[in-house]
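**Student:** So you can see what is in the structure, the chains are spelled out below.
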Amino acid sequence: MSSISKPAWQKRDTGLTIRMIFSFAILTLLYLIFLSVLSYLGIGFIPIIIIASAMILAQWYFSDKIVLWSSGAKLVSKEQEPELHELIERTVARNNIPKPRIAIIETSMPNAFATGRGQKSSVIAVTRGLLQILDKEEIEGVIAHELTHIRNHDALVLTLASLFSTVAWYLMQFGFYGGMYGGYGSGGRDRNGGGMMLIILLVAMLTWVISFLIIRAISRYREFAADRGSAQMTGKPVKLANALLKISGTMKRIPTKDLRQVEGLNAFFIVPALSGSTIGNLFSTHPPVERRVQKLMEMEASMS
Amino acid sequence: MKFFSRFKKNPIALKTNSDAIFSLSSAYITLEAKLGLKNTGRCAMCIKVVDGMYFADMKEDIQRFLDASKTDFELRYRMLTDSYGYLWVIIEGKHMEDILAGVTAVGDMVEEKGFSDKLLAAIFEFGSNIDNDNNINSIQYLIYNYKRNNFYPFIPTGQKNRDTEQEMKILSAVEQEVKFEKDMTFWYPMWDLPI
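Residue numbers (our numbering), protein chains in the order written: chain A, 19 to 322; chain B, 31 to 225.
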């Protein structure tokens with residue numbers, strides 16, 4: 019089939035897909051274990067689930083509004099920002115995806131995000147700072163990254179993934195209250211009700227922590243996927259790499275001082291500081307910029 | 031100090047210099063194939079000048095060697111001292127292999143005289159030669175840092191600006207073939223090269 023003739027950078031990242039499926043499998047498994055523990059203990063968890071689901075649904079339904087409101091992003095019309103609109107229109111037209119709404123955040127910090135329930139209701143927000151420091155092709159790379167997030171339904175994926183941790187979170191709270199009031203049990207179960215609650219509390223806490231970490235991991239893989247998608251859309255991974263370096267401030271760390279001037283400073287034997295510890299990696303939602311740039315440059319290399 | 035520096039062994043800087051530099055003999059073909067970059071045949075070595083007899087001796091040795099290899103390797107050379115107090119040995123040749131042989135030989139001579147820690151960099155010049163009139167459109171450099179024992183790209187654009195994007199393209203094109211500096215904070219520029 020056509021996949022044989024495709025260059026390496028266009029192929030699907032199978033490893034990524036496998037990791038994603040694996041993460042979800044673990045998440046589902048945890049969910050099932052958690053539920054079975056609950057039902058074993060005979061706790062009326064249905065009301066809790068209902069409340070949690072309602073919360074998540076609401077969060078899901080209003081997600082774009084919540085995000086836009088909390089970030090202070092303002093939707094802009096084509097008349098207000100013709101250049102940005104045209105740039106995005108060109109990208110979506112080339113890749114046959116519906117045009118998202120566009121918002122701008124009036125801050126000098128360079129950043130961008132995508133939000134929304136589906137392709138039609140989605141919004142791409144960029145900061146004024148991003149538009150100022152990046153050139154057109156770099157902005158295109160960032161926009162394509164966000165468009166890939168939308169196309170891949172990453173908001174939905176992460177909301178579903180966090181459903182579990184949210185439920186666990188509510189149960190932890192109910193566990194606290196339950197512990198205080200001595201449980202729901204009747205008759206003979208009253209005596210060890212507190213102990214049961216403690217177990218539920220511990221299980222809930224544990225599941226919450228684990229699912230929190232897994233969500234973070236999924237999020238990081240989605241970033242790599244979006245970088246990849248962006249490179250495929252624009253065909254210029256180096257532009258996105260450049261944009262990432264600029265946004266993260268790494269660009270500033272590329273020296274401007276002459277080698278002959280720094281030679282005497284013995285700068286060459288200093289062991290470089292560890293870039294991000296493993297613990298830091300576990301908790302972050304985005305992979306380190308160096309790794310992302312490296313992956314993009316690998317794509318660049320396989321293209322030429 | 032000069033005297034003792036002769037006996038000083040610098041385990042980090044030594045040994046693999048020649049190997050690392052010779053890896054360019056295949057990488058320059060890759061640069062041409064992937065990015066259309068042609069080696070201009072010019073290369074410069076940058077050595078910190080030390081006052082005294084030993085350094086002057088070494089300089090003479092290098093001159094004698096390069097004079098002698100003019101015919102064998104088809105190498106031309108010139109020497110100058112810049113405002114930073116560095117001796118530049120600028121070597122020009124027709125074939126990359128000859129240039130690399132010349133550079134590594136000079137490097138060896140510097141090391142033999144005990145000045146290995148004075149070797150700063152070897153700069154190889156490339157250009158994207160699009161038209162056939164031999165006009166070099168953009169000058170791009172690969173800098174070999176003796177102390178870090180690796181290469182990094184340097185593309186000056188105008189006054190103290192550099193084209194980081196093209197530099198990253200060079201990185202991605204040849205990072206498999208040559209020992210490359212992955213830490214961009216070591217990509218020190220060298221402005222106003224006398225090449």
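Just so you know, these hints were derived from the structure itself, not from any lab. Incorrect hints may appear among the rest.
Claimed, not checked - No farther apart than 27 Å at their CA atoms in a straight line, the calculated lysine-lysine pairs in the DSSO-like style are these: (1) B:Lys68 x B:Lys190; (2) B:Lys124 x A:Lys275; (3) A:Lys275 x B:Lys100.
Stated by the list, open to error - Ranges of calculated distance between the beta carbons of each label pair, as one might list FRET restraints: (4) A:Lys275 x B:Asp97: 33 to 41 Å; (5) B:Lys212 x A:Leu93: 17 to 25 Å; (6) A:Gln279 x B:Met109: 35 to 43 Å; (7) B:Ser158 x A:Arg146: 57 to 65 Å; (8) B:Gln189 x A:Phe80: 49 to 57 Å; (9) B:Thr101 x A:Pro306: 16 to 24 Å; (10) A:Asn129 x B:Ser158: 30 to 38 Å.
Stated by the list, open to error - Among the chain B residues that face chain A by a calculated CB cut under 10 Å, a handful are: (11) Asp49; (12) Phe52; (13) Lys68; (14) Arg72; (15) Phe103; (16) Lys190; (17) Gln196; (18) Met198; (19) Met220.
Note that the structure is predicted; figures quoted are calculated from it, not measured. Glycine residues also receive a C-beta, built at the ideal position from the N, C-alpha and C atoms.
**Student:** For every hint, state whether the structure bears it out.
**Tutor:** Structure-based check of all given hints:
1. B:Lys68 x B:Lys190: holds, 23 Å
2. B:Lys124 x A:Lys275: With Cα atoms ~32 Å apart, Lys124 of chain B and Lys275 of chain A exceed 27 Å; violated.
3. A:Lys275 x B:Lys100: Cα-Cα ~35 Å, so violated.
4. A:Lys275 x B:Asp97: 33 to 41 Å: Hint holds: Cβ distance 36 Å, inside 33 to 41 Å.
5. B:Lys212 x A:Leu93: 17 to 25 Å: violated, 42 Å
6. A:Gln279 x B:Met109: 35 to 43 Å: violated, 22 Å
7. B:Ser158 x A:Arg146: 57 to 65 Å: Violated, since Ser158 of chain B and Arg146 of chain A (Cβ atoms, about 35 Å apart) do not stay within the stated range.
8. B:Gln189 x A:Phe80: 49 to 57 Å: holds, 52 Å
9. B:Thr101 x A:Pro306: 16 to 24 Å: violated, 53 Å
10. A:Asn129 x B:Ser158: 30 to 38 Å: This hint holds: roughly 34 Å between Cβ atoms.
11. Asp49: violated, 19 Å
12. Phe52: violated, 22 Å
13. Lys68: violated, 16 Å
14. Arg72: violated, 18 Å
15. Phe103: Violated: closest Cβ of chain A sits about 27 Å from Phe103 of chain B, beyond 10 Å.
16. Lys190: holds, 6 Å
17. Gln196: Cβ of Gln196 of chain B sits 9 Å from chain A, so the hint holds.
18. Met198: holds, 6 Å
19. Met220: Cβ of Met220 of chain B sits 5 Å from chain A, so the hint holds.
Hint check: violations occur at hints 2, 3, 5, 6, 7, 9, 11, 12, 13, 14, 15; the rest are consistent with the structure.
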